[in-house]
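Enquirer: Okay, here's what each chain looks like letter by letter:
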Amino acid sequence: MTSQALVAAFTLLAFGLIVTGVAFGSAIGDGIVASKAVEAIARQPEARPNIFVFLFLGVGVLEAFPIIGLGLAFYMLLVVVGVPSGLYASLAGH
Amino acid sequence: MQEKLGEHILWHVPVLGAVHGDTIATTWLVMIVALAIFGWVGASYRSAYQTKRQVVVEGVVNYIADLATGTLGKRGEPFVPFFIALFVFIFLLNQFGVLPFKAFGLPFGGSPTADLNTTVPLALLVFFLTWIVGFRQNGIKQIGHLFKPFWPLAPINILEELARPATLAARLFFNIFVGELLFIIIASIILAHVTLGPVNLSYAVAVMPFFIQFFNFFVGTVQAFVFTLLGIVYLSLSMGEEH
Chain A
0 MTSQALVAAF
10 TLLAFGLIVT
20 GVAFGSAIGD
30 GIVASKAVEA
40 IARQPEARPN
50 IFVFLFLGVG
60 VLEAFPIIGL
70 GLAFYMLLVV
80 VGVPSGLYAS
90 LAGH
Chain B
0 MQEKLGEHIL
10 WHVPVLGAVH
20 GDTIATTWLV
30 MIVALAIFGW
40 VGASYRSAYQ
50 TKRQVVVEGV
60 VNYIADLATG
70 TLGKRGEPFV
80 PFFIALFVFI
90 FLLNQFGVLP
100 FKAFGLPFGG
110 SPTADLNTTV
120 PLALLVFFLT
130 WIVGFRQNGI
140 KQIGHLFKPF
150 WPLAPINILE
160 ELARPATLAA
170 RLFFNIFVGE
180 LLFIIIASII
190 LAHVTLGPVN
200 LSYAVAVMPF
210 FIQFFNFFVG
220 TVQAFVFTLL
230 GIVYLSLSMG
240 EEH
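Protein sequences appear in the order of chains A and B.
In terms of numbering that gives the first Met the number 0, the first sequence opens at residue 0 and continues consecutively.
In terms of numbering that gives the first Met the number 0, the second sequence opens at residue 0 and continues consecutively.
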């Protein structure tokens, strides 16, 4: 195994780990925000528009961090290491 | 792969050096489009009857005005036009990436907010607005906000103050940038021609851009809203309690 293939393999592993963590954390966070919003609407149905504002604010602020992580992971994968060119070449068999 | 990540057309300007020409051209195009839209809406106010476009635009304007005055109280009224302009401008900048100008080889296109040179000035605008308004209202005592609740916390407060514009800019930039990045990823998967025997698996991905575009529209709207709302919240924190 050449050192270049080793770097590509470990970059792919790191990318997988980053995406796993990002998906895991943002799913839990979104779940908490949405469940609390549903509880709040069930308790006070008349405050629904106000709660929706804070629901979207919470989701918007929270979704930014996984997307920043994903952007940096893609940057690492595509620009710093440049994995896909070699990977796709090997997959396509040429 | 023809399109490179984060690559921009460079203009060489005498004083400033190399600038991102496509971002500047697209931003000016968005401003012209926004002026045309609002001129078209404003022209309908000549008639005595309420038209559909008035109802739509007044709904958006009322919503943000209610948010600003609800958070800032009576003192927030002078800033309502600023926040409405911020929301509409960022919204249009985000959604302009849908139009495929760059694919036809034109020197503009793509979302200008997928470039840190657009989002950092917008975040700095909000940052300086909060500080200048705070100084105009509280005078030199505004610096005392950094030493609350007691002075050993000053480094944390200064760090938090500096983190606000940084996170505002990074949040908007990365959300729009990753949205555009997904299309490049899908294009690269299709161009890779991954085959399984006689079947070309890559063409199965071709349905994805349709759904990603819906996601991008949602994300662009929510991020414009979040940027505006966080600007209002930061301004209210800087102005302090209403006396």
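It is possible that some hints are incorrect.
[To be verified] With the C-beta cut set under 7 Å, the calculated list includes, among others, these residues of chain B facing chain A:
{"no.": "1", "residue": "64"}
{"no.": "2", "residue": "139"}
{"no.": "3", "residue": "140"}
{"no.": "4", "residue": "176"}
{"no.": "5", "residue": "181"}
{"no.": "6", "residue": "217"}
{"no.": "7", "residue": "220"}
{"no.": "8", "residue": "221"}
{"no.": "9", "residue": "225"}
{"no.": "10", "residue": "228"}
[To be verified] From the derived model, a few chain A residues whose C-beta atoms are all more than 12 Å from chain B:
{"no.": "11", "residue": "10"}
{"no.": "12", "residue": "19"}
{"no.": "13", "residue": "20"}
{"no.": "14", "residue": "31"}
{"no.": "15", "residue": "41"}
{"no.": "16", "residue": "44"}
{"no.": "17", "residue": "53"}
{"no.": "18", "residue": "58"}
{"no.": "19", "residue": "60"}
Note that these hints are calculated values from the structure, not bench results.
C-beta: ideal position from N, C-alpha, C; glycine also.
Enquirer: Compare the structure with each hint and give your call.
Expert: Structure-based check of all given hints:
At a threshold of 7 Å, the smallest CB-CB gap from residue 64(B) to chain A is about 14 Å, leaving the interface hint violated. A hinted interface residue such as residue 139(B) counts as satisfied when its beta carbon comes closer than 7 Å to some beta carbon of chain A; here the least separation is about 32 Å, so the hint is violated. Proximity of residue 140(B) to chain A is violated relative to the hint, the smallest CB-CB distance being about 30 Å (cut-off 7 Å). For residue 176(B), the shortest C-beta to C-beta distance to chain A is roughly 6 Å, which falls under 7 Å, so the interface hint holds.
Taking 7 Å as the C-beta contact cut-off toward chain A, the hint placing residue 181(B) at the interface is violated, the least distance being around 9 Å. Using the Cβ-Cβ criterion of 7 Å, the hint placing residue 217(B) at the interface with chain A is not satisfied: the shortest such distance is roughly 10 Å. Annotation: interface hint on residue 220(B) violated; nearest CB of chain A at approximately 9 Å, more than 7 Å. Interface restraint check for residue 221(B): the shortest CB-CB distance to chain A comes to about 5 Å, inside 7 Å, so the restraint holds.
Given hint, residue 225(B) at the interface with chain A, holds; its Cβ is 4 Å from that chain's nearest Cβ, closer than 7 Å. Hint on residue 228(B) holds. Least Cβ distance to chain A is approximately 6 Å, under the 7 Å limit. Distance to chain B confirms residue 10(A) as a non-interface residue, since its nearest Cβ pair spans about 15 Å, more than 12 Å. Every CB of chain B is more than 12 Å from the CB of residue 19(A) (nearest about 17 Å), matching its label as outside the interface.
Distance check on residue 20(A): its Cβ is at least 16 Å (rounded) from any Cβ of chain B, clearing the 12 Å threshold; non-interface status holds. For residue 31(A), the shortest C-beta to C-beta distance to chain B comes to about 18 Å, beyond the 12 Å cut-off, and the non-interface label holds. No beta-carbon of chain B comes within 12 Å of the beta-carbon of residue 41(A); the shortest separation is about 23 Å. Every C-beta of chain B lies more than 12 Å from that of residue 44(A), the closest at about 20 Å, which supports listing it as non-interface.
Against the 12 Å criterion, residue 53(A) falls within the reach of chain B, whose nearest CB is about 9 Å from its own CB. Once the 12 Å rule is applied to beta carbons, residue 58(A) is inconsistent with being away from chain B; the minimum gap is 7 Å. With a least beta-carbon separation of about 6 Å from chain B, residue 60(A) fails to lie farther than 12 Å from that chain, contradicting its non-interface assignment.
The structure shown violates the earlier hints numbered 1, 2, 3, 5, 6, 7, 17, 18 and 19.
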